[in-house]
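*Asks:* As they're listed, the protein sequences go chains A and B.
Residue numbers for the first sequence follow this note's numbering, beginning at 1 and rising by one.
Residue numbers for the second sequence follow this note's numbering, beginning at 446 and rising by one.
Rather than coming from a laboratory, the hints here were simulated on the basis of the structure.
Every value quoted in this text rests on a predicted model; they were computed, and no experiment measured them.
Glycine residues also receive a C-beta, built at the ideal position from the N, C-alpha and C atoms.
The reader is advised that the hints may include incorrect statements.
[Said to hold, decoys possible] Interface residues of chain A toward chain B, partial, derived using beta-carbon atoms under 10 angstroms: (1) TRP56; (2) ALA59; (3) PRO260; (4) VAL262; (5) PRO300; (6) ASN301; (7) SER384; (8) ARG393; (9) GLY405; (10) ASP415.
[Unchecked claim] One-sided excerpt, in silico: chain A residues whose CB lies under 7 angstroms from chain B: (11) SER357; (12) LEU381; (13) GLN385; (14) LEU400.
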Amino acid sequence: MKTVALAVAIAMLPIAGAQREVPPIRGFERFQEWSRLVWTHTPGQLDDAARAVAAWPPADLLELRTDLGVAVKLIASGAKRGAVAHYTDEGDWLPSGQWVNRTARPRAIRVDDFPDLFLLPGPRPMRELDVAELTRFMKRAALLHTDIAMLVPAANEVPVVRRTAEPTLSALRIVDGEDKGWQPNPVHWDFGRTALDGVRPNPANDHFVSAWYQATSAYLGFRREFGFLALQLERGRAIFTKDASLLLYSGIMHETYAAPGVQTALQSLSGGIFRPSVKATADELKLAEGFFRRALDLDPNMAIARLHLGRVVGLQGRHKEAAGELRTALSSLIGATDARQRYFAELFLGAEEQAQSRTSEAAAAFQRARLLFPNAQSPHLAISQLAWQAADRTAAQAALQALAGLPAALEDREDPWWTYEVSAVLDREVLFNKLLAIAAEDLRK
Amino acid sequence: MRVAASAAVLALGFVTHPVAVSQQPVFSSRAEIVRVDVLVLKDGKPMRDLGAADFEIRDNGVLQQVELLSAEEMPLNVVLALDHSDSLTGTGLRDLQNAGRALLDGLTDRDGAALVTFGSAVTAASSLTRDREAVRSALVRPASGGLTALIDGCFAGLMLGASEVGRSLLLVFSDGLDTSSFLTADAVVGSAQRADVVTYGVVAGDKPRQSFLRNLTKATGGDLIEVGGTKDVGATFLRLLNEYRQRYLLSYTPAGVSRNGWHRIDVRVKQRNVTVRARPGYLAGS
């Protein structure tokens with residue numbers, strides 16, 4: 001799958017922080033090394049800094065993440081000079097699936113150490129914490145770890161293990177309906193979220209943070225990394241309560257959880273293996289509906305949310321209501337350049353009309369879908385099945401003849417239905433370009 | 446639009462006998478005559494040499510007058526629907542090709558065959574034809590791959606089976622569960638209830654709850670067979686073909702029952718200790 005790289009030309013930006021010589025802070029040498037690499041990393045590049053951090057032992061990364069989290073909490077609470085946070089790093093799941101117990105590790109982070117901990121530019125001793133520089137650091141840190149997560153595949157691929165205890169962070173990889181094992185959430189996405197919680201004055205008002213959540217959620221949705229996506233969206237929605245895109249992605253995630261591919265994989269899980277937090281079809285559809293409605297409350301003209309709403313309402317058996325939503329979506333999509341959404345709306349409308357025994361209306365909708373993508377198989381199958389159900393054998397067989405006449409090569413007979421659950425995030429490159437443009441501006445200040 | 450390709454495919458099969466279907470209503474499942482394909486097993490083995498008098502058929506509980514048709518005089522149409530998703534590659538795919546070839550070798554010159562493959566894409570790789578070489582050639586085409594459109598693939602197979610005069614058998618092989626079909630399981634099982642096509646499913650691997658295939662085969666009077674792996678599929682196909690040839694073809698003109706709607710069919714043999722397998726009913730008016 002093509003990886004969307006962050007191609008920001010920020011190499012010429014000053015990296016004063018990285019060049020500064022600072023005294024080591026005992027117990028936080030790794031942290032300071034990390035800070036240096038954050039400052040030297042060129043966003044969008046798989047450079048030495050990214051490779052270095054990606055290669056650190058998982059236990060080190062987890063400890064670093066914990067330390068960063070405590071530091072961010074201090075920042076977010078507005079802690080002043082002299083403040084100290086004492087904590088115990090108790091342990092966490094390693095990517096390999098093992099639990100690392102670190103209960104005997106009391107630690108302390110001091111606000112006074114922040115300038116040297118984060119290698120912030122400026123004189124020493126620093127009178128006041130330079131919040132602007134700290135914010136720039138946090139954004140750079142998020143970009144570093146985003147690049148590692150996206151450009152270093154090994155950082156995300158971990159041995160498949162079976163565990164009997166419930167992991168704190170996990171993702172179920174599903175390929176063609178088969179459970180392929182567990183993949184604990186890679187720490188790099190967590191780094192990104194944690195770092196951006198440290199953006200000041202308020203991450204909720206920062207357009208970089210907003211763009212980051214939208215772009216990375218779209219990326220994870222496209223890759224169908226739903227376990228990781230769930231965490232991204234949960235945090236994103238908590239910060240951006242009025243972001244219709246995040247609500248749309250959340251709805252699509254639950255709609256996908258309800259789909260046969262995920263549900264059948266869950267069926268294949270044997271006893272003694274942890275079942276992920278995916279509910280039964282009916283519950284997932286309800287959750288999906290809720291998110292789509294919330295998105296439409298914020299943006300009633302969001303045709304794609306209405307299209308998905310129509311689909312999940314129909315799957316819950318409310319066919320007349322579903323048909324209404326889909327017709328509304330279609331009227332919003334008149335003139336839209338992307339024919340896919342119209343195709344889905346017509347295909348689903350056909351199914352809803354069929355469920356109401358409105359045969360001619362169903363046939364018309366399926367035919368309109370077929371005209372949008374003549375080489376897609378789903379409308380042909382739907383027309384055939386509809387005709388067969390209506391006891392019109394001739395029409396049923398004619399539609400099958402049309403199916404038989406489709407091109408043999410898969411690339412010539414693309415059916416958008418095959419990628420329905422990622423159709424909303426096909427514009428992820430646009431979102432990343434937006435993030436890049438914002439980053440270029442923010443990091444230049 | 447690839448009209449040329451469409452024309453080439455059309456020339457092979459679908460349009461060959463469309464008129465034949467409507468000219469021979471005795472082979473349709475219209476309300477006038479109901480045809481029931483029945484397998485009788487004793488100690489697990491097909492039982493032969495039964496006559497019409499040995500059978501009882503009740504339509505919605507009403508006893509009917511049964512005729513025994515001569516199955517040997519009717520051509521056999523065998524449709525193979527094979528899983529070509531990403532999970533089947535290399536050895537597995539070769540096993541399926543060999544299984545298909547073995548099945549084709551088991552057909553007579555009067556029998557027709559067709560091939561449907563399904564990954565994400567459902568491909569009518571060969572329409573129903575007596576040209577077994579054409580079907581053999583279609584067997585060795587590269588697999589389309591992708592996800593598993595089992596439900597869509599079975600529907601295409603049912604329609605192929607229903608496209609010609611004769612007794613139709615659909616043999617489905619899959620190593621997984623459906624993950625990408627647009628049609629729903631209920632819709633296709635409902636379609637099967639209107640089609641006179643006996644469906645057998647062969648599944649490989651450790652896949653619990655094959656509810657769609659189980660329901661589909663039950664609705665058509667077939668069976669679901671689980672095998673250990675793809676190497677066992679060829680022998681299983683031949684066994685099922687043999688078993689199918691030993692079924693009885695019964696018919697009756699419904700009397701004393703309503704013309705429309707779902708009709709439950711109960712088939713019994715006037716002997717004890719036998720197992721009777723037949724479709725559980727039909728939709729009148731189809």
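*Asks:* Determine for every hint whether it applies to the structure shown.
*Replies:* Each hint, compared with the structure:
1. TRP56: It is violated, given that the least Cβ distance between TRP56 (chain A) and chain B is near 34 angstroms, above 10 angstroms.
2. ALA59: violated, 36 angstroms
3. PRO260: Nearest chain B Cβ about 6 angstroms off; hint holds.
4. VAL262: holds, 9 angstroms
5. PRO300: violated, 29 angstroms
6. ASN301: This interface hint is violated because 28 angstroms lies over the 10 angstroms limit.
7. SER384: Check passed: Cβ of SER384 (chain A) comes within 6 angstroms of chain B, closer than 10 angstroms.
8. ARG393: holds, 7 angstroms
9. GLY405: holds, 3 angstroms
10. ASP415: The hint holds - ASP415 (chain A) has a Cβ within 10 angstroms of chain B, the shortest such distance being about 8 angstroms.
11. SER357: violated, 13 angstroms
12. LEU381: Result: holds, 5 angstroms to nearest chain B Cβ.
13. GLN385: holds, 6 angstroms
14. LEU400: Hint on LEU400 (chain A): holds, closest Cβ of chain B at ~5 angstroms, below 7 angstroms.
The structure fails hints 1, 2, 5, 6 and 11 (numbered hints given earlier, in ascending order).
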